[in-house]
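Participant: Sequence:
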Amino acid sequence: MTHVFPREGASSSSTSMSSQRSETDDDRMIAMVLSEEYAKLDGAMAKRLTNLTSIPLVPRINTYFPTYSDATMDHYRLLDRLNAYGLFEVRVSGDGNCQFRALSDQLYRSPDYHKNVRKEIVKQLKECNSLYEGYVPMKYKHYCKKMKKYGEWGDHVTLQAAADKVNSLFMLCF
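Mapped onto the working numbering, the consecutive letters of the sequence shown carry residue numbers 15 to 188.
No lab work stands behind these hints, which were simulated from the structure alone.
Where hints are given, some of them may not hold.
PhoX-like mimics (lysine-lysine), calculated; alpha carbons at most 25 Å apart, straight line [as the list claims (entries may be wrong)]: (1) 155 - 137; (2) 140 - 159; (3) 133 - 159; (4) 137 - 153; (5) 179 - 160; (6) 137 - 163; (7) 153 - 163; (8) 140 - 153; (9) 179 - 133; (10) 162 - 137; (11) 140 - 162; (12) 140 - 129; (13) 140 - 155; (14) 133 - 155; (15) 129 - 179; (16) 179 - 163; (17) 179 - 159; (18) 160 - 140; (19) 179 - 140; (20) 160 - 137; (21) 153 - 133; (22) 160 - 129; (23) 179 - 162; (24) 129 - 155.
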């Protein structure tokens with residue numbers, strides 16, 4: 015698992031190519047246009063968007079797998095994009111604790127505190143079970159027990175619990 019950090023000493027005098035700058039400028043322009051469009055939405059439009067009927071899920075299987083060359087090029091393109099924003103990739107050990115190591119690295123600037131991060135996330139899962147149990151495809155108690163184990167992969171539920179935990183910490187500080 016990889017995650018990104020702001021590049022230390024990043025400045026506006028980056029050496030990115032003009033195409034990277036135009037992509038960055040394009041992204042900013044799209045964000046500005048979207049924010050203006052969202053501001054124009056009135057209550058009736060918001061109500062219509064809220065009451066849309068669901069589209070049935072059609073499971074699909076990936077039939078195309080990129081070649082090594084294509085995957086490498088995609089990775090370099092990602093690295094260029096990160097660089098354009100003053101960010102960089104950091105690799106963490108992929109031992110099943112990678113989500114917790116990445117979160118530890120973001121919170122404590124070291125992946126070494128991943129056990130504590132896991133413990134706090136499981137605590138959040140237990141204390142606020144009503145927020146998460148609807149998203150777990152097994153008995154919730156069993157899920158929490160499973161997530162306590164070293165090497166158990168984190169998922170979208172643990173990531174949401176981490177975000178909620180960090181948000182509540184920030185709310186306590188302000």
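Participant: Confirm or reject each hint.
Facilitator: Verification of the hints:
Annotation: proposed proximity of residue 155 to residue 137 holds, straight-line Cα distance about 12 Å (limit 25 Å). Annotation: proposed proximity of residue 140 to residue 159 holds, straight-line Cα distance about 10 Å (limit 25 Å). For a cut-off of 25 Å, the pair hint linking residue 133 to residue 159 stands: about 11 Å separates their Cα positions. Taken as a hint, the residue 137 and residue 153 pair is honoured in the structure, with Cα atoms around 17 Å apart against an allowance of 25 Å.
As the CA atoms of residue 179 and residue 160 are separated by approximately 19 Å, the hinted pair is consistent with the 25 Å bound. Among the hinted pairs, residue 137 with residue 163 is consistent with the structure: their alpha-carbon atoms are about 13 Å apart, no more than 25 Å. Only pairs whose Cα atoms come within 25 Å are accepted, and residue 153 paired with residue 163 is accepted, the gap being roughly 16 Å. With a CA separation close to 13 Å, the supplied pair residue 140 and residue 153 stays within the 25 Å bound.
Restraint check for residue 179 and residue 133: the C-alpha separation of about 12 Å stays at or below 25 Å, so the hint holds. For a cut-off of 25 Å, the pair hint linking residue 162 to residue 137 stands: about 9 Å separates their Cα positions. For the hint linking residue 140 to residue 162, the alpha-carbon distance of about 11 Å falls within 25 Å, and the restraint holds. Taking the CA atoms of residue 140 and residue 129, the gap is near 17 Å; set against the 25 Å cutoff, the hint holds.
Distance hint between residue 140 and residue 155 is fulfilled; the C-alpha atoms sit about 8 Å from each other, no more than 25 Å. For the given pair, residue 133 sits about 15 Å from residue 155 by alpha-carbon distance, which is consistent with the 25 Å threshold. Restraint check for residue 129 and residue 179: the C-alpha separation of about 15 Å stays at or below 25 Å, so the hint holds. Taken as a hint, the residue 179 and residue 163 pair is honoured in the structure, with Cα atoms around 19 Å apart against an allowance of 25 Å.
A distance of roughly 19 Å separates the Cα atoms of residue 179 and residue 159; the hinted pair therefore holds under the 25 Å criterion. Taken as a hint, the residue 160 and residue 140 pair is honoured in the structure, with Cα atoms around 12 Å apart against an allowance of 25 Å. At roughly 12 Å between alpha-carbon atoms, residue 179 and residue 140 fall within 25 Å of each other, so this suggested pair holds. At most 25 Å may separate the alpha-carbon atoms for a hinted pair to count; residue 160 and residue 137 meet this at roughly 13 Å.
Annotation: proposed proximity of residue 153 to residue 133 holds, straight-line Cα distance about 19 Å (limit 25 Å). Annotation: proposed proximity of residue 160 to residue 129 holds, straight-line Cα distance about 14 Å (limit 25 Å). With a C-alpha separation of about 16 Å, the suggested pairing of residue 179 with residue 162 holds against the 25 Å cut-off. Distance restraint check for residue 129 and residue 155: the Cα-Cα separation of roughly 20 Å lies within the 25 Å cut-off, and the hinted pair is therefore satisfied.
In summary, this structure violates none of the numbered hints.
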